[in-house]
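Undergrad: Take these sequences, add in the hints, and give me the full structure.
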Amino acid sequence: MAESGNSYQKIYEIVKQIPKGCVASYGQVAALAGNPRWARVVGYALHVNPDPAHIPCYRVVNREGRLSDAFAFGGVNEQKLLLEAEGVEVTDGYVDMELYQWKKFRI
DNA sequence: GTTGTGACACATT
DNA sequence: AAATGTGCCACAA
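Be aware that the first sequence starts at 883, since it is given in our numbering, and climbs by one per residue.
Label pairs and their computed distance ranges (CB to CB): (1) Asn959 x Ala935: 14 to 24 Å; (2) Ala967 x Asn888: 26 to 36 Å; (3) Thr973 x Ser889: 27 to 37 Å; (4) Glu966 x Gly916: 24 to 34 Å; (5) Gly909 x Asp951: 16 to 26 Å; (6) Arg945 x Gln899: 17 to 27 Å; (7) Pro901 x Pro934: 16 to 26 Å; (8) Glu971 x Asn888: 33 to 43 Å.
Derived pair list, reagent style BS3-like, types lysine-lysine, alpha-carbon separation capped at 30 Å: (9) Lys962 x Lys985; (10) Lys985 x Lys892; (11) Lys985 x Lys902; (12) Lys962 x Lys892; (13) Lys902 x Lys962; (14) Lys962 x Lys898; (15) Lys985 x Lys898; (16) Lys902 x Lys892.
Calculated directly from the structure, the hints in this document are not laboratory data.
All C-beta atoms, glycine included, are put in the ideal place defined by N, C-alpha and C.
TA: Given below as structure tokens:
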């Protein structure tokens, strides 16, 4: 009943809970939001990004641990600097998921 | 109301 | 091994 507008709100909540120095995949965020199939919707949700100040989209990467070329809000280079500033090592736009993927999904 | 697209993920070829 | 196709959900035209 009328739970249609919750979609993005939930996703934003998850992304905002990502601890500093960690990254999460779209599927990860979607799963934490309660919908493992919303990976695409997560991308769209961040695309509309109503509050980039509290939604660190640069901490969200795809399954490969790579940033989306379409994302490039200011250039992949900017993205890389932001993640490195958080303590995440970035190589050619790739991040080491095994070390930096947000696994402590414990809000 | 239907069709097409999209900042993904997974399966199959 | 890589590349392609399909599935998922929501939004725009």
